[in-house]
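K.L.:
Dock chain B against the given chain A, drawing on the hints supplied.
Letter by letter, the chains look like this.
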Amino acid sequence: MNIRTSSSHFSRRTLLRGLGISLALPALECMTPAFARATETPRRMLLIANNIGVLPKHFFPQGTGRNYEASPLLSILAPHREDFTVFSGLSHPNVTSGHSTDNCFLTSARGAFKAGFRNTISLDQFAAEKLGQVTRFASFNLGVNIEKANRSLSWTRDGVLLPAEDSATALYQKMFVQGDAAAVQQQLRRLEERGSILDTLRDEANRFSRNLGATDKARMDQYFTSVREVEQRLAIAREWEQRPLPKATQPAPTPIQEGKYFFEKFELMLDMAQLAFESDSTRIVTLMLDAFWTPIFKLGGQQDTTESYHGLSHHGQNEKKLRQLEAADRQHMAVLNKLMTSLANKSEGGERLLDRTMVLYGSNMGEANIHDNTNLPIILAGGGFKHGRHIAFSRNHNTPLCNLFVTMLQRMGIETDSFGSSTGSLTGLSQA
Amino acid sequence: MKSKCDSPSRGKRRLKRTLSILTILLGLYVAVHRAGADQSALNSVPTRLAELLKQHCDQCHNGDSRSGGLDLTALSFDPADRAVREQWIRIHDRVEKGEMPPKSAGFPAARRAEFLKLLSARLHAADSAEIVAFGRGPMRRLNRDEYEQNLRDLLQLPHLDIRDLLPADREAHHFNKVSDTLDMSRVQLMAYLDAAEAALQQAMVKTAQPPVAMKYRAVGKQLSFVRAITGEKQSMFFARNSVGIDSNEKGEEADPTVEMVLCRSPGWPYAVFPKKLVTPAAGAYRVRFSARAVLQQPGFKLAPATLPVPMTFRSRRPTNHDIAEDVKSVGGILDIQPNAQPGVGVYETIVQLGAGQTIEYGLLGLPVPQPDARGITGAYRFPPFPEGGQPGIAFQWMEVEGPLAPESWPPASHHVLFDDLGVEVKSANPAQDAKRLLRRFINLAARQPLPEEAVAKFEQLTLSRLNNGATLAEALLSGYKAFLCSDLFLYLREPARATEQFAVVNRLSHFLTDTRPDAALTELARQGKLRNVAVLRRETDRLIAGEGFERFVTHFTDYWLSLRDLRRDDPDIRLYPEYRLDDYLVESMGLETRAFFTAMVRENLPATTLVDADFTFVNDRLSRHYDLPPLAGSALRKVSLPKDSPYGGLLTQAAILKITSNGVATSPVLRGAWVMDRLLGQPPSPPPPSVPAVEPDIRGAKSMRDLLALHTKSATCASCHARFDPVGLALENFDVMGRWRTRYRGLETGERISGIDRSGHDFSYTVAGAVDAGGQLADGREFNDVHALKAIFKANPRQLARNLLQQFTVYATGTPVRFADRREIESILDTCSKNDYRVGDLLRALVQSKIFLGQNGLVKKGVTK
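Residue numbers (our numbering), protein chains in the order written: chain A, 1 to 432; chain B, 1 to 865.
Quick caveat, the hints were computed from the structure, so don't treat them as lab data. Here the structure is a predicted model, which means the values were calculated and not measured.
Using 27 angstroms as the maximum straight-line C-alpha spacing, the simulated BS3-like pairs for lysine-lysine come out as follows: (1) B:850 to A:217; (2) B:97 to B:117; (3) A:321 to A:57; (4) B:275 to A:148; (5) A:148 to B:328; (6) B:276 to A:148; (7) A:260 to A:57; (8) B:426 to B:206; (9) A:217 to A:130; (10) B:850 to B:117; (11) B:275 to B:233; (12) A:321 to A:298.
Pulled out of the complex, with its shape left as it was, chain A reads as follows (with noise of 0.2 angstroms):
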């Protein structure tokens, strides 16, 4: 067996900074329980939303490929460079009502305020259920300042939102303390129900197919299959349910209630998505930053700002405005590259954790001052990419932001060419 113990390893902690937290954290592979181990690499996915975005002035780069000329908010990200990709030119088709398209950014759902208007199934959701389950939980969907009960990035199939979790410590328990028997005991016997509803439609058509022409046959075959992988998904979701959770060392985080650091919310949320990476307890996170919804906030852990997140991003060129807000974005921009960096410090099965786990950082916003809703700023980091290039589409007439998720889904190894809008995979993007 390949457990690597070294000193080094186990050294390299998520310190949770500025909140006296530090979590000692095992190596990867000990976390990770045999039967999830069994398969391919891991693949990963953090998808952030900051839903007010950034100043494109500032964001989009000069020139494109490999040797675009790296904009102020870009160049805060310069160690990194190889390491990413930021696109311009993407959108999603007629998703065009200012703030409340939010909730489309990751299902590209059209026509919002239109009579007959419904999101639509969400990137991580469509992944999640693609996938199955291969962690103890299917995906995370997090939320910083989030006004939960409307805004999220997750939808199910049917449009319905899954409310986004806004507490580190909530989260930790879920990940690292277990959950009360009699909670364990009423999901096993659904668990259970559902099983032996699988017995019967096996038997039925068992039955049923004994009288069957061939045409008719090769249907009922994928009827067969379709009821085996249920069924051996039920079994895999009722081992993790019997399986007790990951150790963890060290205390919960502090929570953090305040909706003014906004930024060491950010911060913790992020060091949450990658203990949950790391315990290998979900492959798949969201992240959506309502700063449409976030009070006055500090900048650089100091200086409070004059108004609201969203009375700033109305700046009308005002210079007291744009200041704080070029702070804000320069440290959007700051902290994720500290999360590239502890990305790419840590390993797992002689890779980069950085280059199993796609980041997405990106707005539904493409300029908030004037609710424009085209040319959203996007960048991927990590996963396995050739990075380190501006792939720039039209501004005119925008590429949908879907081609992008079509790709990431494939690299996922989701066998999918479609999703939401998208016309096909990303042109441009290939693989390392």
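P.N.:
Below, chain B without anything else, positioned relative to chain A:
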């Protein structure tokens, strides 16, 4: 740990050996295959056919030149092999259409006919033999529309909403009804389990009494949650004595002398719903309110309107305007009439709402002010008033009551599950009741009688759940859930045997009503009477006349004509400011086409109405769009068209013309190809992969015709494009929303038109070059405009009828018209030709055919069971 093949040298040796064996096998295969190709392939073709192929086809389609990728010398003649047969069918069709051989001079008509006769005889025989042996197509899974409707009818829950729990069904031949593509997968089966569970949960109730109905009343300023909305005060204000007041004035909120005035349609941002109206539970609510249509004058004064203003309610949660969520029109469209006095016009409607929802006011066809695009926060401009004033609605009061109690409690849906065991599902003898209720449910749910053996499986499940400590209700629900996800419920079967009644009746009901057979149909099937000519005809007519037929119209046109994509592209706001956010227009377009298609079937109109008619269906908005005498009110009415109107027939309806353009420009290529495919049933081959689409020049400098000249210059392009580009050119007189135009619009070249649009934004476009809608079809026939093109299409009603039959066949049977079906299709056409190929006749004839009924067809006259 050591594995068995971890020695590199051993692994390499094995690989080498495998490779060498493969090489030998490959060599052998090639050798045998070559020999076969040279000697047996063409030799196996019937002699006369082989001669004709040698004379007219082999020169190009041989092993060396392989024109069009076809090498006849290597193609075996084994029509029993499906893949081979498909290829020969393609050859047959291209020869039949006259596309091959390319120089028809060397291939006289008599010889072509001889060739086709010989080939089609073989193909027909082989395809027929396959149908006899295996059936016309495989069994078909219900699509998600059908699954939902089946459950609605079974559980007596007409508003059940579970469709979107299921993945979207794949499409083939334009429909989501094709057996071969309605696959089953793990995700699909999981979704069925979830959907069945959700439906059953909604069917049962747990409280001894129905939920207590709330009574809500709002007056004056209570009529809106907000005092002002984005889009300037002209959008919404309060008025007393027909004069606007300060919305913040002190005083009684429920002042009955105050009216709420709305003069805009919803858009983003918008949140106008009655204050503190939130539904306590899901259900039906009765809404009564008093309102009048008004004309806003400058200075926020109200004058009585001259025309009614249509509105609808929209269900949503009472959140703020920056939240995107489910918005549904509920309660239908109401036309609010003009009245000088407030409080005279009282309206009532029933709306279906979920728990925690409210109703938003959705006025139709009014301005939709948008945030200013120049970057000034919160800057809006209400567009200039039309002459006479800005139409709007003034509301005086509103009452909401609900959820309205069902006729009985527990409701009918609960009885379907638990008969008379009440809300608690109590039983003195649970095992016995479990057996009884399960059988009862399966009887209701199954669309055909089931063998005892099948029922026993579900009984076993229910009883074992009961023995393991589940309550009677839980145990039954497990059994029900299993049945609703079993092959017995999910699949429809081909009517194979002569005695088969239930497969026929299911096919009929899923064809014309997208759901299970009703009681009358089931009874006829039980009596074995369905294959009787008169009975089948009567039942077909009954379904066509019934309410469920609307589902057929919706789904059939959603796919055949892609009406579900009607809202795909918004018209470009620079070029078409007058259409900006005009959802009422788009909605009306869809209604028109559906009403028209309904009439084609129900009124049994000739197939040529596809391309031309002297009437159509319009409402207030469409009458303006089509430049017809103005109509008042939202209801669609059948109107006769003036002689020179271009709007008769599906071909030139706004919905079709919008779907075939992209909002910015019209493309004759796409429109032409679409029309040939959907309306004429002669789809062009897919374009070669490497050629980019022709991009319109929206500066206005170059006309589409200039750009398309490329297609005629190259012979390769022309060989296909000549068949559909001209058709699209004839439609160039219609803009992206189907309105008549004589000149194109651009942004740079031409006469400039400026103004303020429906959203309060400045616009400025140019009127550029004139439209030339003339052209020449591939066969040489010329036309100068769309009227002439229609005349050309009308001259071949048989092809229009044939296409309809083909579309109906896919939708009804899940398998497209097969080669062996062609004779029957032609014979139906022969019969229907005597009376102008009427659409209802075509549909009825298809139902009576072997394509629909299976190989045994109808019962011969005089034979009854």
